Amino acid sequence: MINCHQALSLLQDILDKEASEIDEKEVRAHLERCSECFGKFKLEESIHAFLKEKVKVVNEDIKTSPKLESLKSNILTKLDDIDKEDGSSNTGFFKNPTRLVISVAALIVLIGIAVFSAAFYKHQEYYIAIEKAHWSVDSKPELKLVSSSPDDICSQIYSTYNFNLAEENSGYKLVSTHKETLQDVEFEHLIYTNEDEDYISVLITDAGDFELPPDIIDKAQTINNREIYDHNCRGCRLIFQKIGSLMVITASTNSQFDLMSFDPLAQSI
Amino acid sequence: MTDRKKEEIDKRKQFEVEALPHMDALYRTALRMTKNEKDAEDLVQEAFVKAYRFWDKFEPGSNCRAWLFKIMTNIFINDYRSKSRSPMAVNVDDIDDNFLYGQLAVGGKEENPEQDLFNKIFDDDVKKAIENLPDDFRLVVMLSFLEGFSYQEIAEIADLQLGTVKSRLHRGRKLLQKELYDYAIKNGYVKDNV
Ligand SMILES: [Zn+2]
Ligand SMILES: [Zn+2]
Numbered sequence: 001m002i003n004c005h006q007a008l009s010l011l012q013d014i015l016d017k018e019a020s021e022i023d024e025k026e027v028r029a030h031l032e033r034c035s036e037c038f039g040k041f042k043l044e045e046s047i048h049a050f051l052k053e054k055v056k057v058v059n060e061d062i063k064t065s066p067k068l069e070s071l072k073s074n075i076l077t078k079l080d081d082i083d084k085e086d087g088s089s090n091t092g093f094f095k096n097p098t099r100l101v102i103s104v105a106a107l108i109v110l111i112g113i114a115v116f117s118a119a120f121y122k123h124q125e126y127y128i129a130i131e132k133a134h135w136s137v138d139s140k141p142e143l144k145l146v147s148s149s150p151d152d153i154c155s156q157i158y159s160t161y162n163f164n165l166a167e168e169n170s171g172y173k174l175v176s177t178h179k180e181t182l183q184d185v186e187f188e189h190l191i192y193t194n195e196d197e198d199y200i201s202v203l204i205t206d207a208g209d210f211e212l213p214p215d216i217i218d219k220a221q222t223i224n225n226r227e228i229y230d231h232n233c234r235g236c237r238l239i240f241q242k243i244g245s246l247m248v249i250t251a252s253t254n255s256q257f258d259l260m261s262f263d264p265l266a267q268s269i
Numbered sequence: 270m271t272d273r274k275k276e277e278i279d280k281r282k283q284f285e286v287e288a289l290p291h292m293d294a295l296y297r298t299a300l301r302m303t304k305n306e307k308d309a310e311d312l313v314q315e316a317f318v319k320a321y322r323f324w325d326k327f328e329p330g331s332n333c334r335a336w337l338f339k340i341m342t343n344i345f346i347n348d349y350r351s352k353s354r355s356p357m358a359v360n361v362d363d364i365d366d367n368f369l370y371g372q373l374a375v376g377g378k379e380e381n382p383e384q385d386l387f388n389k390i391f392d393d394d395v396k397k398a399i400e401n402l403p404d405d406f407r408l409v410v411m412l413s414f415l416e417g418f419s420y421q422e423i424a425e426i427a428d429l430q431l432g433t434v435k436s437r438l439h440r441g442r443k444l445l446q447k448e449l450y451d452y453a454i455k456n457g458y459v460k461d462n463v
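Chains A and B, in that order, are what the protein sequence lines are.
My numbering applies: residue 1 is where the first sequence begins, and numbers increase by one.
My numbering applies: residue 270 is where the second sequence begins, and numbers increase by one.
None of these hints come from the bench; they were simulated from the model.
Quick caveat: nothing in here was measured; it's all calculated off a predicted structure.
Please note that the accuracy of each hint is not assured.
[Unchecked claim] Mimicking PhoX-like on lysine-lysine, the simulated pairs with C-alpha atoms at most 25 angstroms apart in a straight line are:
1. B:Lys275 <-> A:Lys56
2. A:Lys17 <-> A:Lys72
3. B:Lys319 <-> A:Lys52
4. B:Lys282 <-> A:Lys56
5. B:Lys304 <-> A:Lys72
6. B:Lys447 <-> A:Lys132
Let the hints inform the model, and build the full structure from the sequences given.
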């Protein structure tokens, strides 16, 4: 049986008809028992139906727009040009080496498959707060740019937390930091980005201030004197590491990246 | 007729049958993304030109519509977004997930309090609310709501992680709801419960 929180975390999937049959069944069963969630789902479902309908309606007029005819004939003219171009020259499109490179690059872009793990959704408040903090960087592009020199950030972190932060790791470079309060605990939120514009969040706080979520508290692996707790559920991966007196949490936007290989601690030489 | 010539005619025919019918859908999304007809037309044209050049990379039988949207989205992100990008980042985090539920449940005697609100929202309000969404959110909302693409398809079209698609869709939804609710308050359709 699932609880309210789990039911609500599946709300969007259900609205978009993306939930698995099992999840949907569980949620529907929960709604029969829980009037609070039932009310929320009912409202969200009717808002969803309303918005979807409206979005369709407001775009109806385009179907009859006279622009479409001229657009089509413009496109056909462009295609004619390409046909002529290809027919008159002996160097076909893919015989030109730079064009070949471009098309191979485009092809690589076309291949990109996100992994969707089917683990059961089990989300404590903390996970949600952390995940939110991590993904919210996406809508604040300034955080993904180099703000102050990585060196300055490292020395600032060193003087506050006595933690020797890595400037670079696994192709990710440190770009910015800001403070973030999650569930009444203050974190230092560091952002690392790589060339593919993926980013990694590293959240640091005093281990004494932070209570591990109950479902992983007894699942520590000890590696190199660190206690490591791995939360891995449906596209959301968070690694909690107790390093000395600090709790260090990492999360990546790239679900295929091996998060375990990312070490926020600078390697001592 | 030479083989080469024949090949070209086949290609052209195939393209006109398979790709061109998706022009209306591409234009519709292009218009919402660029917010003006001139840019939308240019964007769709560019997308078709590129698709035609790369037509032999299209796998017959696979989803042509998604393939075309991917090409167009790519051009939009690289060449058009900076032009139309709204300089102010919207803070979505301060919108409570249950925002509208809270608002509507307070009054709470009627059976369907939201219907009352819906009846008063004009199509133009919806159009404005959509156009006010930040580019990244508007894109996923259009691809999902209007074009009916799945999370996975949107992830591939917009070159995003599945988690990003879901979070943008979620936040896009909340923004739309909030914006429409604000219109309703501003125009006195409903009373502010706060
Ligand atoms: Zn419940
Ligand atoms: Zn999780």
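Quiz item: Tell me, which hint numbers fail for this structure?
Solution: Violated hints: 1, 2, 3 and 4; rest satisfied.
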